[in-house]
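Trainee: As a plain string of letters, each chain reads:
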Amino acid sequence: MLIIPCPHCGPRPETEFVYGGEAHIQRPDVAADDYTWANRLFLRDNVKGWTRERWRHDPGCGRWFNLCRNTATNEVGQSYIMGAPKPPFPNQKI
Amino acid sequence: MASSRLTKGGLIDRDQSISFQYNGKTYIGFAGDTLASAMLANDIHIVGRSFKRHRPRGLISLGLEEPNAIVTLSTGSKTLPNRIASEVELLNGLDAKSTRGWPSSKFDIFRALDWVPRAVAAGFYYKTFMGHIRRPKFDTWNSIWEPLIRRMAGQSPAPVSSDTATYQHTDVHVDVAVIGAGLAGLAAALCALNSGKKVAIFERDSLPGGRVHSLPGCTIDGETAENWAASTWGKLEEKGIARLRATGFGLYDHGFLTVFEKSATKVDGGRIWHVRAKKIVIATGALERPMVFPGNDLPGVMLSGAVETAINRFAILPGKKAVLYGNHEDLNNVRTALKTAGAEVVAEVQIDETITGTFGSGRLKMVEISKLGTDGLPERKKSRRISADLVVTSGGWSPMLHLYLMAGGQQTWSPEVGAFIATTSEKGTVKLIGAANARFTARDALKDGATLEDNNFSFGDVTGNNGPIGQGLPIAPILQTDKQRAFVDFQHDVTVADIELAAREGFRSIEHTKRYTTSGMGTDQGRTAQLATAAALATATQQNIQEIGLSGVRPPLTPVPFGAFAGRRVGRLFQPERHTSIHARHLALGAVFEDVGDWKRPRYYPKPGETMAEAVARECRSVRTDVGMLDVSTLGKIDVAGPDAAEFLNRLYTNRIDTIKPGKCRYGIMLKDDGMVFDDGVVARIDEDRFLVTTTSGGAAAVLAWMEDWRQTEWPDLRVRLTSLTEQWAGIAVAGPNARSVIKNLIPKVDLSSSSLPNLGWQETVLFDQPARIFRVSFSGELGFEIYVHWQNGSKLWDAIKEAGAAPYGTEAMHVLRAEMGFIVVGHETDGTVTPVDLGMDWILSKTKGDFIGKRALKRPSMLESNRKQLVGLVPTDPSVVLDEGAQIIEHPRPRSPEPMIGHVTSSYWSETLSSGFALALVKDGFRRQEEKLFAWSLGKIHEVEVRPPIFIETKKN
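Protein chains in written order, with the working numbering: chain A, 1 to 94; chain B, 1001 to 1958.
In isolation and in its complexed conformation, chain B is listed as follows (with noise of 0.2 Å):
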């Protein structure tokens, strides 16, 4: 057995023992150890390497707060970075390494960065590294300093496996919500529940009770507080939610609460709670400071509570010679448990005295104990050097207002409890209790708590050990002599010397200051360091603490894994896919598909051994030169009704729809009421008061809340009623000059001729026993049709057509085909800045409509300026040459700096038919430059291109 564990007494189970590895090396704990106390009883003294002078760190809590023991464990093929070490319960075959420290936290060849602190004080990132900006030359901070850094700082490396663990998300609603099962938040929630309340109480320890394991002694109504912890918590469990190892982790608006819960079983896994209560009480308890003195920071200096906690809950005792260090003389049972447990208290820091240095090589062997001369400061020569493995140290109690300040609670400096309180215990629906509330006696927080409601609930008399959560003095002045080794950040490495040197160089905000020296931003948050940077701050710059104020939080309190967040929505259900039910018959195919939207839209469909380019230009040759079929069932599809839609149509289009007659439709526009494309789509006109307009496959639900704003709160006269009909028909267009031919036996009783069914007309018919419509609607150029019928008879269609000779082509080729055309696809084209006279789409605007949505601003004198980009055709001078979508368009074949960037390529393709490359752009006053000579330039590639019209292909006469 190691030699700190003591033989009897803890909450450990000794006939339980456990083995983990640390660092590679394999050692013994016990069933109730944490990764921290197991370390401690194994004498593991370094925990690891500070950040960026490298010196050797020991723990200083076994709590939460730990600054020092960060630890990356392993499980599989898996790392869980950046874990706290007492945050960890012990389990069988965990494997943590130290996060910095190289080649290891024990022996660190960085240490010698620790000899001249000044070359990593505060700022040194911007002082020392930034020559390169003035001279490029010269970049030593890419070939030399950033590789350094990266070694030699940072936390636990990234995982680079995906986490595998599972995550569940939990929603409840509860009329108090109890954060901290202490006996403040127990007393609380006993009598929230015996009024009849639904009450959910969370503890982020693995025992209820807060510090009644790390004070034996005390007693409520004649049992011991462990007893009286756990009896209640039983009753909480079995009336309400009651749940271990939960910490709150976030509070929001309206009493919502965030709650992680670890699995009890595994280092990985858990659960969110969402928590929405009508009163949330936070009864979070008080987190314990350190003293700053030179030297803070070695193994072996630690906190009262810390020491209590090791000595009564796990058994250890971590020191045999101890030196007690606080600012208050509250150090009674610290003392007493040091004695009980065989420990010699072998000084006392008195009140005119203070530590100047401590001494030994990775854990303390000595105590430097200076006198206070009159001007506060110490004086050496008056000192005293005493052989001792610990220092006891605290600077009082805060009161842990984190989740307090989320909810938007303010605080303030109080001299008598010398800590940062809260202005009020109740804010809203939130109520601080117990510790928090700064009722820090087992006494004062039961009674904060047991009065949570207005009844007679009596948890009796506490009688024995009252705690000492001892009231801190106000904290002692940080006047010291040697600052570059007095710690107010552990983890961040943060000294009073590097306040001090803010302070000259200007700094007073505390948030400023903290962004500086960097202090209080580690992964503990600095919760050991905030009062300490704050008093230090002060001091320098001789303003109150109340003045200077803490930092601000912000949620997640403590490190909450990502994939906790996410919870089930991973891999498959992280985003549904939408099928179109022609799907089957795709993959079957073996399309390569692309998202639009939600869908899975074929964009091409490979032979074997075809490489895309080769199966795009296949497709449209067969659309060019025989006939080709297309799967548009995920075009939007929504039907417009009621004696007033065609006046609601012609409102929301720039073109005219009240003149559609019934068996026509109408290609249009539709604008943002500040002049930009929004969508584009058919309009059909099925009836007199009826429309089925089709929109983008992407837009389809954004058109339909569109159009619905407007009916329901512009125009609420309008009589008309809006429905999503897009999945109820299925669609595939034939497009070819052999389209009609294909088709016809399909449709033997609709007469396709260009008399009957001419261009932009429709019929209805039925196919497969119930209703089709056939549009004469074409996105290629070519004859071509558009066939609906019911959403399930999708695939029978699809075969029929196949079956009649048309070749499958998707969305790629679809793009190409219409780019040749010089039509226009509303994201490609368009981006929120376009206008129809952007684009050369005068004509789609109606002079004869009074009003419309976007008319207006389309006269603004932004909108008529000759400068903005308008479309164009490119084509590379290199015919070969398909260049970039998102090619920056320049004017000249060797960029200057800066090079004016006058437009960019939208859409870009190669065409089979012109045997070239050829691109959509957007440029500066486009219209003007026909024939010009301009340059594409992409990923440092320069294109000389031709400006063209954009349109590439004439249109036939079909």
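Next up, chain A with everything else stripped away, as it sits in the complex (with noise of 0.2 Å):
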């Protein structure tokens, strides 16, 4: 089980928590094609290793954030608000 670190509230168990897929995907505009939108709705990077993804302090702060995690290994990197920029992996050269 995780311990993420919520931005606002610090370190918690995952059980805390709700997921919320790959973080920083946009949201077309209405006039985007289909394959923009399908790439929108559908698909995912499904990364092995680091990603970038969303969740939710739900029962805490009900606050939203984005998350740094490798998929391989559960590891967990930062944690940032909406918003702000992507903070690199660990042990990734900027």
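These are calculated hints, taken from the structure and not from any lab test. Any given hint could be a false lead.
[Said to hold, decoys possible] Straight-line distance between alpha carbons at most 30 Å, and here's what the computed DSBU-like set of lysine-lysine pairs gives:
#1 K1239/B with K1266/B
#2 K1365/B with K86/A
#3 K1427/B with K48/A
#4 K1600/B with K1661/B
#5 K1672/B with K48/A
#6 K1664/B with K1855/B
#7 K1427/B with K1672/B
#8 K1427/B with K1198/B
#9 K1381/B with K1672/B
#10 K86/A with K1381/B
#11 K1672/B with K86/A
#12 K1278/B with K48/A
#13 K1382/B with K1661/B
#14 K1239/B with K1321/B
#15 K1427/B with K1365/B
Note that the structure is predicted; figures quoted are calculated from it, not measured.
With the hints as a guide, bring the two chains together.
Mentor: If you want it as structure tokens, here you go:
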């Protein structure tokens, strides 16, 4: 069971959080074509390794935030508030 | 006293005898015994029958790896299935039964199977019994084979009554958690404690010390190892968490360890510890492996460590004439122990010899030892037969890496150790020490633990017996003549011949071979079987054992009762119930409730002697002809406030919200961004910058979370705030032609006429001295009002309306009434694949808004196809029929195979107004099928139906 660092409440057990899928997916304009919308609606990278994903601290502060997590090892990296720039992954050169 | 029990020694209390039952007979053991040791002391040699061949089986170990002594325990009317006898402490009145053998484990008629072992070779299920698939008329599987196999095989029968024992859950956070209180674990815990750390240590046995009780004579710093272990445990208990009978059964991400602690005084009950530790120390020791030879499963063949434990800890001599057979020379301790206890070592199998057979009926009587030829195969011509009642076997020791592997650790074959060992002793915050880290001697194990922390902790000098835990030599090549009787997995009856058969049939991977032969798939998880299986497969496929590897491990490490996982969350505490403030009134009226989300909602209110159908018909009649009342407090209510509230809701709903005037409300639908209907409800404009959104009773939390997601992540620029008001407002719907006259005296200050309060209008007023709201909305097609008051005034409002003449109705009548009007219910008519267009609700999609959630997805090509399932009404040709919800819609009265399913019934009821059954359904191309005759299939019954528009009753003008 993960320990997730909520940017507002600090480290908390995974059971307090709701998973929200891959982060940084832009919602296209309503005029965009089918391909662009299919990407938005249905296609995800499904990375093995470091990813950025959305979590919500549901019974805590109720806030959505982004988290770096390694899907292969379940290591957890930095969490950051919505709208903040993407931080580098651990061991990643900037 | 039983003959095997020694008169002196051991850690049993001879003054405290304990009476227990095994297979209906009463026996006596002592305090300090386990069920297994007490059975051994009472000369119970056959402890069960094997899984497929029903061979008699005895104890081969006295620890958690025991594959044979699996028992069912009874306590009161309850049974506890599949317990390992060596892990059950002896308690007064313990009632145990062997799990297999018919009529009994001692005499078992299925033993006949053993004479034809090929009948039950690897994969026999698939090879023997699958004929019925090709010839369905001769289904021998269901009629003959399955019932027979169920009697023959299987484990304990599943318990029939619920587990009433109390199980607790406890969470702890520590710096260091140590699993295993052998010498290494104790030293590590003490070291951490001395370094000022918060420590928890868990030991599965009822005594700390691990192997020290089996191997007397070791001293640490001048005191006996037993005393050192006890005094160290005392320090740990005093200053940290130290628990006995506690097995670490799972290790998860981020230092999360789960431990099951058994009750010390009862056979059931216990505690699951949830341990979060900065450092996890695995000191789980090593497990001994049996040698593989023909007849290695005959009762009387025991592991050397188990024999040492029997003699030194339990004061039992398991045999008087012993043959020693190991693949390493470190059997000195067991030889000494046997001789001291009065047994004779009649033979020791030499390095150029092997055992080629064991003889005896249910108990070892004779052993055949043969010389190995130059080709490595035994030559039975050069054999000798020796009378013996005990074979002490040791195939070396394997570090117990299960928890380490669960934490993502890797293992590798070590030719020096003769076992799979960890590639590194540290993996993240997990550290292996002691025998688990291949530090087998007392001195090495102690040192490994004592250097856990960087301080000057010293445990003093280790003298005397330094342990054998004998470093194994490379395991003996398994070249045997009688492979059908050389077992690698005792519990699942897998022999070397089965592994070779699998190899011949093309299995090369250990994981596939495991599943095909079922080696290692028993409740013992193949702890004595794993390495032998890998070695046999390596030999058969001419691969290196390193390439073969061992099969993966998963939690739980040992069986944990389901009740323990449930903890206190059983019965009423399983799922909390939500009650409205009117609940007591519903109870007093004798309501039958249904679950809607966590809410208990009245489904109908039967009068004495009334059936459900009669009650629902009566309730429907009162709404259609007079006036009814329904508790709608459970509807989700969300306050949406802020300067951008209208814009926010405009983006979430398909229709326009910004054009609602204060004092008005509007029905709205929300979609997911893929265009599928997500929730519906009424949106009321309270003020310019404030709305009250109602949601479905079950969907309130999901809708609020959905709104929060968009507010926080996609549109943080919108100035809007969301608050759940569900449990602030109690609400009652009043519906029927006489609704107005019933409530008008209650709310004298509001003019209820259509000119003042038109349909989809609302007004604020005061009831019971507090603010209240009256909405003119209807979910039944009749004149309808919803009155909301402060939550605590719900019952008062209920009483007042009932007094004025309204008749309570429940959710079932509500469903009938709304379905008659063709009003959808999210979750009935929608299932996440249904768009508003499919529901015939194009009118609710605004054409004047730029964008809303789901708008673009509705333009995708697949959404525009004509053969999508669409909402229609169905009326059965026979009006007395009420279709099953979920019935499949087909085109032919006699379904072909395969008959295409073109739709399904989403809602179906009896209509009192129509005097007929009727239904809503989603049917492919349904809009164009009006008046078509179709057929509804459910559970083998077929009814003809006619397609109608999904509205059965005309809307009335009020």
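Trainee: Please go over all the hints and tell whether each is borne out by the structure.
Mentor: Comparing the hints with the structure gives:
Our distance criterion of 30 Å between C-alpha atoms is met by K1239/B and K1266/B, whose separation comes to about 27 Å. The hinted pair formed by K1365/B and K86/A fails the criterion: a straight-line CA distance of about 74 Å is larger than 30 Å. The suggested pairing of K1427/B with K48/A holds, with an alpha-carbon distance near 20 Å, which does not exceed 30 Å. In summary, the hint linking K1600/B to K1661/B is not supported, as the alpha carbons are separated by about 35 Å, beyond the 30 Å threshold.
Restraint check: the Cα-Cα separation between K1672/B and K48/A comes to about 28 Å, which is no more than 30 Å; the hinted pair holds. Annotation: proposed proximity of K1664/B to K1855/B holds, straight-line Cα distance about 25 Å (limit 30 Å). For the suggested pair K1427/B and K1672/B, the alpha carbons sit about 43 Å apart, so the restraint of at most 30 Å is broken. Restraint check: the Cα-Cα separation between K1427/B and K1198/B comes to about 21 Å, which is no more than 30 Å; the hinted pair holds.
As the CA atoms of K1381/B and K1672/B are separated by approximately 80 Å, the hinted pair breaks the 30 Å bound. At roughly 77 Å between alpha-carbon atoms, K86/A and K1381/B are farther apart than 30 Å, so this suggested pair is violated. Of the pairs offered as hints, the one joining K1672/B and K86/A holds, with about 27 Å between alpha carbons and a cut-off of 30 Å not exceeded. With a CA separation close to 26 Å, the supplied pair K1278/B and K48/A stays within the 30 Å bound.
Restraint check for K1382/B and K1661/B: the C-alpha separation of about 105 Å exceeds 30 Å, so the hint is violated. Between K1239/B and K1321/B the alpha-carbon distance is near 48 Å, which puts this suggested pair outside the 30 Å criterion. Among the hinted pairs, K1427/B with K1365/B is inconsistent with the structure: their alpha-carbon atoms are about 48 Å apart, more than 30 Å.
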